[in-house]
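J.: Sequence:
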Amino acid sequence: TGTTLLALVPPAATKFLIDYVLSGEPLPADVPAWVPREPHALLLAIVLTVIGVSLVKSIVELWSRWRATLISIRVQLQVRRRVFHKIMQLPLTQVLKLKSGGATSLIRQDAGSVGSLIFGLLYNPWAAIVQLVGSLLVLAWVDWKLLLGALLLIPVVYATHRAWIARIRPQHRRIRAVRERTDGVMTETFAGVRIVRGFSGQRVETSRIMRMNHLIGRQTLRVWWWSRAIELMWGVFIAVATAALMLFGGWRVLAGALSLGDLMMFLAFLMMLLVPMSTLANSAAQFQEGLSSLDRILDLLAEPRELEPHRGTLRIDPKQVEGAIEFDHVSFRYDGADSDTISDVCLTVRPGETVALVGPSGAGKTTLCNLVARFFDPNQGTIRVDGHDLKELDVDRYRQALAIVEQDVFLFDGSIAENIRYGNRYASDEEVSRAAQAAHADEFIRQLPQGYETIIGERGVKLSGGQRQRLAIARAVLADPAILILDEATSNLDTASEKAIQEGLADLLASRTCLVIAHRLSTIASSDRIVVVEEGRIVEEGTHAELVRHNGRYREMVRMQTEVGSGIAPPAETTETT
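Be aware that the sequence shown starts at 5, since it is given in this note's numbering, and climbs by one per residue.
The set of hints was computed from the structure by calculation and includes no laboratory data. Since the model is a prediction, treat every value here as computed from it, not as a measurement. For each residue, glycine too, the CB sits at the ideal point set by N, CA and C. Worth double-checking, as some hints may not be accurate.
Stated by the list, open to error - As a list, the in silico DSS-like pairs of lysine-lysine whose alpha-carbon atoms are at most 25 Å apart:
| id | residue 1 | residue 2 |
| --- | --- | --- |
| 1 | LYS395 | LYS90 |
| 2 | LYS90 | LYS101 |
| 3 | LYS19 | LYS61 |
| 4 | LYS395 | LYS323 |
What the hints assert, rightly or not - The following label-pair restraints were derived from C-beta to C-beta distances:
| id | residue 1 | residue 2 | range |
| --- | --- | --- | --- |
| 5 | LYS323 | ARG178 | 45 to 55 Å |
| 6 | ALA248 | VAL137 | 22 to 32 Å |
| 7 | LEU264 | TRP38 | 24 to 34 Å |
| 8 | VAL244 | GLY196 | 57 to 67 Å |
| 9 | ALA248 | ALA45 | 11 to 21 Å |
Work out the full structure, taking the sequences as your base and the hints as a guide.
T.: Here it is as structure tokens:
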């Protein structure tokens with residue numbers, strides 16, 4: 005606002021220059037005595053005043069822009085932090101729908117647009133409003149009749165602006181939605197670049213991306229033309245109004261009702277009146293894009309967190325968890341599914357027991373483990389850990405007692421040590437090394453040029469599938485969990501490595517509860533108990549020896565794998581049935 009007030013000085017100096025320097029008229033009596041009366045001295049004073057005011061205005065304007073920029077950047081960082089934190093707390097199904105590219109678009113582009121919106125709100129409108137009010141006051145003092153003519157522009161600009169806003173903001177929302185989808189597709193394509201190349205799909209993927217980018221381009225051009233059309237309309241109105249005011253003002257000068265200096269000052273202030281109107285209009289255009297992004301962010305922040313309103317309040321000590329798990333008539337159905345994935349499951353797992361879950365794909369084995377990890381809550385029934393209803397436990401504290409190793413291993417773009425240490429960020433180098441030894445990973449790690457400090461690339465692309473699997477197991481070992489979930493954790497390993505890892509994990513599994521999912525039955529034959537799951541129900545359970553003696557589903561699975569040479573001992577012939 006200070007720069008805007010200073011900007012009012014040069015137009016007023018125009019009147020002094022024309023009326024009291026060039027025309028030679030005497031200064032009014034109410035002008036302070038320290039103002040020079042002699043024309044040459046007055047001219048010098050006017051020039052020095054304009055120069056001084058302009059310098060001060062530039063300094064104040066620079067400081068104002070710096071403060072507005074600093075505040076907008078801070079707001080932008082806070083918005084990005086809150087959006088990222090919120091995405092991390094959303095329900096798992098919603099995060100998967102959002103896709104990594106969509107989340108990146110939200111954090112990078114939408115949060116950035118909100119920062120620009122804050123800058124625009126802090127800097128442009130307030131300066132324009134002060135300049136607008138100041139210009140109106142000066143114009144009213146010069147000639148109120150000319151002011152009335154100038155004010156006729158305001159309702160015209162307002163009406164056209166309202167009509168324009170009604171069309172432009174939805175278009176910005178559509179552009180943002182398409183851009184978010186495009187970012188998601190590109191991220192997905194880059195992540196699957198091996199598949200794309202393996203099936204010679206480069207042209208197909210390029211065409212798909214370009215179709216979406218062409219759509220963004222067409223929508224952006226449509227918005228651009230709408231903006232230029234309204235600017236052209238305002239330009240015509242301003243030119244016509246300026247010409248009309250010049251004609252009317254000229255008549256008043258010729259009639260002696262207005263001095264030439266007053267007319268020139270009026271026209272200068274008229275330009276100052278029109279400039280803030282244009283600034284406000286342009287700011288409004290920028291606001292629409294920022295507001296469309298703000299709408300999306302506010303919608304996201306309003307979403308409930310994962311598992312709300314049952315996140316649990318009982319803050320257990322992860323080190324005190326024994327690992328007793330009980331499924332009490334548990335049923336679960338995914339959103340949009342036609343039938344239950346888990347149906348009336350009753351299962352008790354004792355502390356320190358290793359329970360293997362086997363069955364055909366889609367039987368519900370992974371879903372049972374997801375319920376134990378509390379990625380979802382059951383629709384019916386109760387899951388208890390150490391006698392506590394899982395819904396009563398603080399979910400963040402409870403998960404500190406868990407470790408999960410999945411078939412689809414995810415590693416971060418960092419060093420091997422950093423990825424293993426993700427299981428325990430405070431672990432020493434020696435503890436990291438021991439965990440790697442237990443996972444049969446230490447040998448191949450030390451053969452790498454930089455050992456544990458080797459950078460493995462995004463998702464561990466520089467490692468083989470088996471090496472990635474071993475690092476994931478080492479990460480779980482380092483976490484020292486009370487409950488360990490192994491979901492096809494050794495599926496990518498050769499038989500020798502798998503045997504070595506199982507021997508290394510024997511001591512670890514003996515002291516904690518472990519749920520193991522495996523299709524290769526040779527990996528779970530030594531489990532304390534084997535649970536056979538089909539169509540979301542438990543159909544058999546017992547030790548390997550007990551189940552093989554029965555003529556049931558597990559025995560059939562063993563026979564099928566024996567026929568394809570899995571290495572498991574074939575079941576002895578028996579007539580016993582279940």
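J.: Run every hint past the structure and note whether it holds.
T.: Evaluated hints:
With a C-alpha separation of about 21 Å, the suggested pair LYS395 and LYS90 falls inside the 25 Å cut-off, and the hint holds. For a cut-off of 25 Å, the pair hint linking LYS90 to LYS101 stands: about 15 Å separates their Cα positions. Distance restraint check for LYS19 and LYS61: the Cα-Cα separation of roughly 20 Å lies within the 25 Å cut-off, and the hinted pair is therefore satisfied. Using a Cα cut-off of 25 Å, the hinted pair LYS395 and LYS323 holds, with the two alpha carbons roughly 19 Å apart.
LYS323 and ARG178 have their C-beta atoms about 52 Å apart, which keeps the hinted 45 to 55 Å range intact. A hinted range of 22 to 32 Å holds for the C-beta pair ALA248 and VAL137, which are about 23 Å apart. Between LEU264 and TRP38 the beta carbon distance is about 26 Å. The supplied range of 24 to 34 Å therefore holds. Look at VAL244 against GLY196: about 59 Å separates their beta carbons, and that is inside 57 to 67 Å.
The given range of 11 to 21 Å is broken by ALA248 and ALA45, whose C-beta atoms sit roughly 38 Å from each other.
Checked against the numbered hints above, the structure breaks only hint 9 and satisfies the rest.
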